[in-house]
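Novice: Each chain is listed here by its residues.
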Amino acid sequence: MNLADMPTPLRPGSARVSVERWGELPGGDVARLFTLRNAHGMRVAISDLGATLVSWNTADRAGRVADVLLGHDTPAEYFAGHAYLGGVIGRWANRIENARFALDNVAYSLDRNEGDNLLHGGAAGFHRSLWDAREVAGGLVLTHESPEGDAGFPGNVSTTLRYTLDDDGTLTLAYEAVSDAPTPLNLTNHACFNLSGDETGDIRGHVISIDADTFFEVDAALIPEGRAQVAGHAFDFRASAPLGARLDWPHDQLARAGGFDHCYVVGENGKTLEPVVRLYDPGSGRELTMGTNAPGVQFYTGNHLDGIVGRHGRRYGKHAGLCLQAGAFPNQVNMADAGSVIVRPGEPYRQVTWYRLGLQQ
Amino acid sequence: MTRPQTAQASHRIALLFNANKVYDRGVITGIGNYLLSTRVAWDLFLEEDFRCRLNGIERFEGDGIIADFDDPGVAEALGDSQLPVVAVGSSYSDPACYPARLPYIATDNAKLISLAYTHLIGAGLQRFALYSLPESAENRWAQERELAFKALLAADGLQADIHRGLPTSAPVWSQASAQLTSWLESLPKPVGVIAVTDARARHLLQACLISGIPVPEQVAIIGIDNDPLTRSLTRIPLSSVIQGTEEMGRTAAHLLHQMLGGARFHGRRILVPPVGINVLESTRHQPVSSPYVMRARHYIRQYGCQGIKTEQVADYVGVSRSSLEDHFRRELGCTVHQEILNHKLEVAKQLLARHDLSSAEVAIRCGFTSLQYMYAVFRRELDCTPREYQERLPVAPCAQPG
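Each protein sequence line maps, in turn, to chains A and B.
Each residue of the first sequence is one higher than the one before, counting from 1 in my numbering.
Each residue of the second sequence is one higher than the one before, counting from 362 in my numbering.
These are computed hints drawn from the structure, not numbers from a lab.
Hints may contain errors.
[What the hints assert, rightly or not] Some chain B residues close to chain A (C-beta under 10 Å, calculated; not the full set):
1) 462
2) 466
3) 603
4) 611
All of these numbers come straight from a predicted model, not from anything done at the bench.
Virtual Cβ for every residue (Gly too), placed ideally from N, Cα, C.
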């Protein structure tokens with residue numbers, strides 16, 4: 001099956017695409033910026049550096065257009081940055097405990113870039129690579145080659161990501177990857193949203209609902225310890241709740257992560273690609289919905305954004321934005337059901353995730 | 362930290378609220394939702410008429426209390442309670458105003474006012490005023506909203522015009538209305554007015570209608586509470602900030618649940634932000650320069666669903682039909698008839714979104730002469746049938762717990 005045969009809502013997309021030179025990277029390579037525009041004036045900017053989602057401009061209830069993504073001004077800042085803002089994460093999104101796994105009776109040792117663990121693909125992850133990019137009808141196709149031994153992973157992995165934008169405000173990310181040898185793979189996008197469009201504020205006033213009955217509790221290094229029911233706890237977003245109050249509910253898991261940085265199990269309702277998360281900002285009236293065929297959504301409330309330099313030299317505060325990252329479970333390669341995160345020759349990796357931005361009805 | 366997961370012997374819990382108000386009902390609904398989402402079984406004590414009575418509360422043989430601390434009597438009666446108590450009420454800018462040792466769940470007054478204020482700015486307003494309440498021990502939250510309003514306007518270098526008015530009671534009603542009208546008339550316009558409650562917002566709206574001030578062109582109005590009762594009493598639908606009352610209830614229930622398991626939250630405060638704005642006609646401010654168009658739209662907003670024609674609008678405005686049509690074409694690029702039709706269509710869309718009326722009923726309420734005509738208008742303007750429109754409306758993706 002190729003990308004064109006993938007299920008709805010992977011529509012062809014209707015956006016017009018333009019391209020510009022964005023800036024130089026250390027070493028002299030030039031990063032480009034592609035802008036997708038739909039019929040209602042929505043603009044999504046994507047760079048070939050890290051296949052990064054750089055900005056998403058859309059109108060609020062009063063028609064004022066603003067960017068709902070956190071980011072930096074220049075590609076050099078993205079390249080040097082440590083916040084992964086908007087970048088595509090590979091080969092492994094989130095953490096692998098002790099930077100180790102075993103596959104087909106072979107033990108592999110990976111780069112350690114967060115204590116003893118591997119985080120977000122290691123030091124030279126997909127988000128810092130210059131991808132090949134070409135415009136297609138309604139969007140953009142980006143490709144990336146990861147050689148055998150990249151961060152310690154086996155196999156040569158070739159990744160294709162297609163971004164498309166529709167007139168209804170849906171941005172679809174369709175990932176496909178093949179490998180010439182068995183290897184774990186877990187891709188995601190690290191877009192960090194603040195729907196108010198006000199980067200100086202925080203997301204405490206945002207209201208979220210997440211269609212999940214369980215999530216993973218984590219240890220002190222944020223490695224999953226086990227699945228827990230959301231019912232009766234701060235983690236229960238089956239009915240929508242404002243984040244400001246939930247961040248202050250008593251829970252040792254929230255104290256441990258400095259807020260939410262937990263993976264929700266969303267793939268169990270049998271509703272592939274149905275909306276699983278709804279987020280809105282009461283002030284602007286902007287609303288984000290999200291769906292995915294991945295089994296997990298990592299919900300991160302920007303607990304470590306404090307001090308990160310954003311645009312125009314301004315520093316973000318704690319909880320300045322939030323991430324909704326679709327993918328496998330953190331450290332799943334070392335947990336039950338590790339088999340389902342292994343890509344083998346002839347068995348490609350596929351993920352479809354969509355985000356739709358609109359206004360509250 | 363204790364985290365009870367299994368069903369336990371039921372605890373007796375008293376809820377001390379005056380649940381005749383939409384705010385308190387929201388809090389109690391949130392408590393109920395929390396209980397339904399868990400396996401917690403509480404034996405809840407509430408007065409039969411949902412009014413809070415304090416006599417005998419010290420003899421309540423229960424395990425815990427969640428109470429409305431906006432009522433000074435409640436705060437006093439529970440000051441020395443030996444039972445676990447979770448307090449619910451107004452936020453305060455002065456920390457000394459909170460009860461010292463109790464966990465306290467507050468509605469965030471500063472965020473409520475800031476949401477209303479930024480909404481009015483978004484609607485294009487540049488002058489702002491607040492309609493508050495006379496100072497009393499029962500509504501300290503109104504004073505907190507005044508403080509929040511003053512602080513916001515001071516930060517933007519603007520003058521805060523605040524009218525407290527009189528307490529609402531039958532004997533002084535006409536005096537209160539007269540005072541309110543003269544205050545409204547004295548304000549430079551256009552102006553956006555925040556009312557500290559929907560009940561106060563209704564007074565404002567009524568005063569504007571009686572003295573012929575176009576809403577929202579001259580005075581845009583937003584209340585707080587999103588009270589459906591108030592909405593049903595006003596001819597121009599009222600915009601309102603929605604407090605996070607259900608989350609307040611869920612948070613209070615969660616803390617008490619933990620306290621019954623041995624946790625202690627001495628003096629912990631959780632501020633709950635508002636969860637939305639119901640944006641309706643009273644703040645759909647579109648600056649227009651022609652006073653004729655302004656008056657005409659004011660009339661259409663009130664009577665557009667009652668079968669009015671262009672002649673009646675022109676009569677109300679006091680100009681000839683052709684002159685009014687000229688003004689409409691220049692300002693809005695449409696005819697008076699089209700504006701009336703747009704109004705009907707907007708109301709029909711709102712009614713369809715409620716999902717509790719038949720299409721035929723919607724057609725009648727919006728003043729369409731027949732169901733077929735409403736279908737034709739939907740087909741022409743929206744390229745769908747009313748039913749298809751209804752089906753296209755987004756539905757909340759997440760199931761309710763329980």
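Novice: Which of the listed hints are not met by the structure?
Specialist: 1
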